[in-house]
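**Student:** Protein chains in written order, with my numbering: chain A, 1 to 152; chain B, 1001 to 1474.
Because the hints were derived from the structure by calculation, they are not lab data. Quantities reported herein were computed from a predicted structural model and do not represent experimental measurements. Mixed in with the good hints there might be a few duds.
To be verified - Examples of chain A residues toward chain B, derived with CB under 10 angstroms:
1. Ala37
2. Asp88
3. Glu114
4. Phe116
5. Leu125
6. Val137
7. Leu139
Note that CB positions come from ideal geometry on N, CA and C, so glycine has one too.
Below are the chains, spelled out letter by letter.
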Amino acid sequence: MLAPASRSSVWFCMNEPFRILDHPADLGVEANGSTLAEAFQHAAKGLMTVILDLDSVACREAREVVLRASDREQLLVKWLSEILYLYDGGGFVGKEFTITQLSDTALQAQVHGERFDAAKHRTRLDVKAITYHQLAVTLHKQGATVRVYLDM
Amino acid sequence: MLKKLDSFRYLIPISYKKGMRIEGLIYADDELIQQIEKDQTKEQVANVATLPGLVGRSLAMPDAHQGYGFCIGGVAAADLQEGVVSAGGVGFDINCGVRLLASPLEEKDMQGKIEPLLNQLFRDIPCGTGRKGLLDVTKNELDNVLREGAQWAVAHGYGHDEDLARIEEYGTIPDADPALVSSKAKDRGHHQLGTLGSGNHFLEIQRVAVVYDEDVAHRFGVHKGQIVVLIHSGSRGLGHQVCTDYLDIMYEGMKKYGISVVDRQLACVPIQSEEGQNYVKAMAAAANFAFCNRQMMTHWVREAFERVVGTRDVRIVYDVCHNIAKREEHEVDGSRRTVLVHRKGATRALPKGHPLLPRELQDVGQPVLIPGSMGTASYILVGTEQAMKETFGSSCHGAGRAKSRTQAKKETTAEQLLRDLKSKGIFVRGETKSGLTEEKPDAYKDVSRVVDVVHGAGIARKVAKLVPLAVMKG
């Protein structure tokens, strides 16, 4: 299950467009995308990968997410908090994420996945919450990079 | 620069960082301070000292490590009229805490029964991510849980009235208002009541290995060789969501009240503001959920003991909160003041004679429960007058992480860890391998050293040392 540790901060996700970051007590997710929307999508996938093995999850249902926030940073925290809520509050495991509308203060998305099944899904770690610690949303020539730390 | 005051205290002067309004103080010995200086703990203690209306010092216990906004192991008291409350100063896992249960049995009574007992507990108490509780309460009933805490559990057959006196706040923080807890938080909580959780949460069957203070141990109902059970759990998704919700509310509120902070995770509002009062009432509701949670697990521990070893006479030694903000009376600069004490990864440690203690603990003091890392020792201490003078009646809460999760994973496989624990005679049941390796014993500081600093500084006194016989991890 463990990926070869060629980069110290990477585990179980070598070929993914996100990486898991080290923190003295917890974990972070850094995700890239050719657009900000794609980086947000990849961050969501990174979050769910920390919680369980997404290879054990199928896309059978969809959920709609509509959010507002006061800035981009808060929007990222709210987006990931919503994905966590769908799982922890609604028993729905998101696997594929499609952001259909995104501005600095609003987001609309489709989340595809299925209902949590303890017998089928291979769980990993409990994520308690999404934090504002060293939160970063950066736009650059290649697209966008977002970084967020998770309370475990 | 840190200024060493004595063998156990390091001062962060106000001049250390622009904006500090009070001094910082870190409790550590020469070795622990080196570990603490490796991460952002010192900066976070200094950052907390910039918040408005704090009194005394911004404190870090010897188990301190980098957290979010506040360090883990941080204590800060705010004047009730002038000060602020910070959701990040309590943390995501509101009333994460520890409960110690004492059985009438000794190790010799448990020959061949430790593993069956562990297996029974593993069957009876849901743990790990995504697992539902055995009881799915309705939303209406959940409101009663949030109002009544452990009292709700006892009223519904999960324990006895006598249990309540052995829980901080008698298992119910007053002022809890379920209406101020979001429906999202309730969605996350209603099916998680009576679940252990994951991460660093655990349940251990332990043996009392050493007694340092016979009189106090006797008064706590603890003796050498006794079998005890330690439960470490919190308010589950409900508490995490309350913190998430109020971080945003406080962030918006700061603009309204003209407050700026150096780290967004320190978002805070005046205690007396509408947002501040709402948070305190929502936090109390989440704390009550955690008290109820640990009370229900206590009931299942009793049932497991009855089934496996034929007795359900398992008493609560005490139950303490680790992540909480409490309205308390303290002596500040020579006068009596009401303050809101934020304890984030810190334990209340009241001395004998304190009015908040139940009658039977009045002449001995509060049990202070310090869990070690998986497979190492845990400790029982007792609160002291010195803690009232220096730390707003607070002490450390555990070993404190020393290695990151990634580092821990790289160093050990789950199989090797299980072999190591087995070679020490410790049985382990865990829901996931990831969860196990990340919590390996040496991912944490040496709990004995942490406790020795607390004891040496006089902010709690050692009573007994507990060693694990079996561990259940989420």
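**Student:** Going back to the hint list, which numbers does this structure go against?
**Tutor:** 1, 3, 6 and 7
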